[in-house]
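Given the coordinates of chain R, work out where chain B should sit on it, guided by the hints.
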Amino acid sequence: MKIVVCVKRVPDTTTQVKVGPDGTSLDAAGVTFANNPYDEYAVEEALKIKEKTGPGEVIVISVGPAEAAQILRNFLAMGADRAILLKETAPGRDNFGVASALAGEIKGLAPDIVLCGKQAVDDDGAQVGAIVARLLGMPVVNTVTKIELAAGKAVAHREIEGGHEVVEVSLPAAFTAQKGLNEPRFPSLKGIMAAKKKPFEEKPAPAAEPRLTVIKMEPPAKRPAGRILGKGVEAIPALVKALHDEAKVI
Amino acid sequence: MTIKFAGFDMYGLEALYTDEERMIRDTVRAFVDERVLPVIEKHNREATFPAQLVKPLGELGVFGATISGYECAGLNNVAYGLILQELERGDSGVRSFASVQSSLVMYPIHAFGSEAQKSKWLPRLAKGDAIGCFGLTEPDFGSNPGGMTTRAVKKAGRWVLNGTKRWITSGTIADVAVVWAKVEDGTVRGFLVEKGTRGYTAPEIKNKFSLRASVTSDLIFEDCEIPEENLLPKTEGLKNALMCLNQARYGIAWGAVGSMMACYDCALNYSKTRIQFDRPIGGFQLVQAKLAQMVTEIVKGQLLCLQLGRLKDQGKSNHVQVSIAKRNNVSWALEIARSARDILGASGIVDEYPIMRHMANLESVFTYEGTHDIHTLIIGEAVTGLPAYKG
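Here the protein sequences line up with chains R and B, keeping their order.
The working numbering puts the first residue of the first sequence at 1, with every later residue one more than the last.
The working numbering puts the first residue of the second sequence at 1, with every later residue one more than the last.
Do not take every clue at face value.
Under the rule of at most 20 Å between Cα atoms (straight-line distance), these lysine to aspartate or glutamate pairs were calculated in the EDC-like manner [to be verified]:
#1 R:Lys196 / B:Asp19
#2 R:Lys50 / B:Glu59
#3 R:Lys48 / R:Glu161
None of these hints come from the bench; they were simulated from the model.
Bound-form chain R, shown alone (with noise of 0.2 Å):
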């Protein structure tokens, strides 16, 4: 079985971010970057179909800048095979951008499944593994929460609102991952130095014209200060009539 996981290079979640000086973007500066956790989850799947089918494929691919190159070497560290970098040659490409060189690549593999994070945790697009699936004319199932195959066909659990709902779809075909699919394994020590040795493919991401431009990025309104109303009891009244009147809580 030949997967290929989709893979972003975000801000690490416990990192603070700041809207850019051209206010479109995020300021990269003093920003740590790591995998995002949804790409986690589909590379993790991507291992336990590999483990449990036999001999196999999993290749992780990335369309990001230069840097992105660290975080393809912590899945192949997970125990993905081979990874594909399509280097950026400038920042800013919309969501169709990258799917569509992720599918231009894809195409040439000819996998069985395809995986990615239901989005990307910086952006939050939540378009490109839709996108991928279509250029290649898969079918896709988002925010999968399980997977089982049998002969030449999945069946995927998803979570909606109140419940699950229980899909089936032929192979090839596309799978976003949800939280509660897996839970992805650390790197062993051994595969982080097995990781170096693993064949390693960079190439430059083919330019795509932006469908879809950003035209501003800022920061949540700040909250207003708090106000003191009073000391004690006799303040009570008029906390009250705050929480009722303004808040709108009582």
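This is chain B only, laid out in the frame that chain R set:
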């Protein structure tokens, strides 16, 4: 894999590590954040060993990480040091377990064992399927292990062991003990004693104020008979035991840095949010003096370890350098823990914060694996040529 501890690099040391070394550190760092820190205070409070961590640590490849083959990771010494740094940022007891398993059990089996001993034990110890302990210290022979009274006598093709070992980490839970004993001509040799062997018991030493999340035991041998082939064939004297200690002490020097980082990080964050006299206490000069001292000592400790690790990888390190690093780093770790406790005020004494646990643990680390004073004398002998601990 989520790293919560941001780390800090005051001195551009990140650039001195290879990509693999950083990845290994960050992996263990995430493991400690996700698996060790959420449970450690409970284990410390209840004085229980977090046995559930042994298998996952084995799967990660932490045990015997510098050994090549036998299902070990084959890492260099700097990577191994960084692993122990992160483990001790979690807890000295957890790091002690890993040090004993790797440096005091797997190392001697690998260095002095027969092929049969290596293939029987190393893969199981590496994966965490078996636990090991190391019996050298005795109730009456600590800093002076050469005086040991444990004896191994050969009788009808078997070795018969008699004696008592004390302060043995992981003793009660160990599947195999590396035991040092004198044979008839007075030479110290190493033996493997398996759990369940008749005449061998390992009662736990209870009521410790320190290393509460680690098992400490006596090993008692009463006419304990073991097969002839359980002798570690390449052991020929006390020096072999001391070679093991040198491995472990190296790791302790790194581990102490982890403990320093944990206490400093806690005190720094506290000082920025604790308001007294209408401003964060981190803004007061006396608090800043403490933090400045801490961070400076951490950088120095990191540099001592890193250069020692590089020398070790080149085969150029010696035991005096190991003494310098162990002595300095553990002593400063203890000072930093006390200073951090001071910054936290009364909050520093409760186990909502990790400081008092580190401080209490470090009292053991200060004493085990060569006491602070013995390391002072090793360095003293190296510089003067005059051994102060011999009669």
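Could you work out which of the previously given hints the structure breaks and list their numbers from low to high? Result: hint 3 breaks, nothing else.
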